[in-house]
Every structure is written in structure tokens, then in C-alpha cells.
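**Q** Residue numbers (my numbering), protein chains in the order written: chain A, 1 to 193; chain B, 194 to 386.
Derived by calculation from the structure, the hints in this document are not laboratory data.
Model, not experiment: these values are computed from the prediction.
Treat the hints with care, since some could be wrong.
Just so you have them, the derived chain B footprint on chain A, three or more residues with Cβ under 8 Å [to be verified]: (1) 3–9; (2) 40–54; (3) 60–72; (4) 136–142; (5) 166–179.
In silico DSS-like links for lysine-lysine, alpha-carbon gap of 30 Å or less [unchecked claim]: (6) K13(A) x K215(B); (7) K213(B) x K13(A); (8) K88(A) x K20(A).
Glycine is no exception: its CB is placed at the ideal position from the N, C-alpha and C atoms.
Protein chains: 2
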Amino acid sequence: MQPVIDFILEIDKLKSVTRKIKPLGQDRFENPAEHSWQIAVLATTLASYAPGPIDVDHVIAMLLVHDIGEIDTGDTLTFAEGDWVERKRDELAAARRIFGLLPGPQGERFLALWLEFESGETAEAKFANAMDRVMPVLLNLANDGQSWRENGISYARVVKRIAPPIQTGCPALWDYLAPRLEAAREAGLFGAE
Amino acid sequence: MQPVIDFILEIDKLKSVTRKIKPLGQDRFENPAEHSWQIAVLATTLASYAPGPIDVDHVIAMLLVHDIGEIDTGDTLTFAEGDWVERKRDELAAARRIFGLLPGPQGERFLALWLEFESGETAEAKFANAMDRVMPVLLNLANDGQSWRENGISYARVVKRIAPPIQTGCPALWDYLAPRLEAAREAGLFGAE
Chain A
1 MQPVIDFILE IDKLKSVTRK IKPLGQDRFE NPAEHSWQIA VLATTLASYA
51 PGPIDVDHVI AMLLVHDIGE IDTGDTLTFA EGDWVERKRD ELAAARRIFG
101 LLPGPQGERF LALWLEFESG ETAEAKFANA MDRVMPVLLN LANDGQSWRE
151 NGISYARVVK RIAPPIQTGC PALWDYLAPR LEAAREAGLF GAE
Chain B
194 MQPVIDFILE IDKLKSVTRK IKPLGQDRFE NPAEHSWQIA VLATTLASYA
244 PGPIDVDHVI AMLLVHDIGE IDTGDTLTFA EGDWVERKRD ELAAARRIFG
294 LLPGPQGERF LALWLEFESG ETAEAKFANA MDRVMPVLLN LANDGQSWRE
344 NGISYARVVK RIAPPIQTGC PALWDYLAPR LEAAREAGLF GAE
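Throw the hints in and build the complete structure from the sequences for me.
**A** Here it is, written out as C-alpha cells:
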């Protein structure tokens, strides 16, 4: 049992990683642990909007571990223009290190879930990626565009980055979102173009 | 879709509730959102130690929503001696209010999961309760007994409160824990008896 305990204490570090968005009404940045919880719940509530049949339990399993690599790399703003190949390589190395703390089959299962999410090819991974992308947008829409304004992210960059995965993974959610993003643009919630 | 969005923004408040324990190496209290994430992962890794067959996906579904009532009531120390009947009544009212934001069947499913966890009668609920109880103990053991010392919680109170649910829900975990709690007592990690 000790390897499992070592693992669960190691992933406690995810609570110390900071994202760019703040919980509603809070003057601190959220961390990927509470974010992972929120999108796991979101996936449950939106499962009926998936464009085809999905195994929502499998989506949740992916979402619970999808950010664990950030323990070593930190979070990068979705809209960063940096070297994503290098970053993803580092995150994969981190995932291998951390899941490698577990007994073989359990660690391999988590790594497979992590890779499935990153590849974004299965119906479940597509839906999971839509959940991951939409949550900070929903928070920003409720939060006067906090992370968009603080980081100078324009409407065009947001739409370019999030429209494809959300349209693919949960098109009904994009239909909900598109007019609200347009209204947010008119309200000045984004950084300059 | 709007009711789902209202719900997911309402439960964002769980990130603002404070528990009594601090994430390792952090000078802030953890919140039930990141705690729920961590015990959902823990349940996955410990499922093979359950005393009988369990549906781990069902355990995870329970754990993701089990603390949502605390949005209205706040967290109470597990070892508090106060009026638990009143407290649980208030938490149930909160759960009904918050899950009631969702369309009927979805809200009813979450409320059923919440009630199943609280009742602690099914094999899944017993295992889920063991996960919920053990996590702060594991953190305290790695954290010099931070919340035990800060709140004057004795070894006897901890054992009285956590031994039954952990022995019931995941006996192998209790076998792991018992000698470590004894060692922590000798090391002075608890409050006075």
C-alpha cells in the first residue's frame, strides 16, 4: 500500500500549482486540483449533450488525472504562443514520473488515460477536452473577463483556441457560448485585438 | 443548458469554503473542491483494497458531490462535538437547494448520490466514507499533525472517530494506518488527551 500513499501525497502538490483564473469572488488563482473536480462534475451534467454516445465515467477518469503533469511543469495559459512541443514533452515526462510511483498496472492505466486525453481522438477525449476548455470561459464570462483582461487575451484568440475543441466535443455547448462571447466582446471583457 | 451553467457556477463557491487542514507545504487551508478531487483519485488507486466488489465509478460519482452542501453550511471539523443532527439537516437543505438548480432527473441523481454517501449503507458508500476520512489523516501524518495540533485533537478522539469507518470501508487501509497513528502519538503529533 505504501506506493499508493506516496502517490497520493505526491499529487497533493497539484493544489499548489496556480492557473490564470480566479474562483468567482476570490482574490487568488485557482489550482488544477479544484479545476479538475469542477470539470468532472461539469462532464456529468453535460453528458447528455455529447454529440454521440460516450462513457461518462471514462471521461471523468481522464479529467481527474489530465493535469497531473503540471506538478512538474506548472500551468501555461491556454493562449500562450510558446513552444508547445517542448512543453508537452515535459508534461509527458512528468506524467511518467508521477504515475510511475504507482504499482505497474495502476500507473499504466493512469498514463493511458493521460495520453488519451492529450491525443484527443476518442469520443470521450474530445468531450473531456471540451469540458477542460469551456470551464475557464464560463468563469471569465461570470467574472468580467478577469483572466482575459489581465493577460491581454483578445476575443479572436479565445475563439481561435476554444471554438474547434468545443465544437467537436460538445457542439451544443458552442451554440450556447458563441452569442455570449460576442456579447462579452461588445462589453469590453477581452484584451485588445 | 442555462440551468447546468447556473449550477456549475454556483458550485464554484465550494472553492471558497475552508477546511481545517493545509495542503502540504502551503500556508493556506484546503477547500472541499480540491479535497473531493484528491479522494476521487485515491478511491481509484485503492479500489482493489475494498473488502468486497465495488463499482468504483459509483464511488467517484458520490465523492464528487458529497461536500456540495458545505457551500451553505461551511466545513465542520470531523472531531467537533457539536450538534450533528442540526448540522446534517442544514447540509441536506443546502444539497436540495443546489442540486435543485439542475433539471429534475440530473438533480435527483446527485441528491441520491449525496444521500447514499451520508447514509453509508452501501458497499460503495462505506468505501467512499473511508476515503473521505483517511485523506486528512494521511496529510496530517505528512504534515507534523498540523490540524490535530492546531485544534487540540487527541489521538483518542482521532481513533474513535476514524477507526470504525475506515475498518468498515477499507480494512487494509486501517491495518496500514494503525501503527503509523501510534508512532505519531509517540512523536507528539496530537493535541493533549
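**Q** Run the structure past the numbered hints and jot down the numbers of the failing ones, going up.
**A** none
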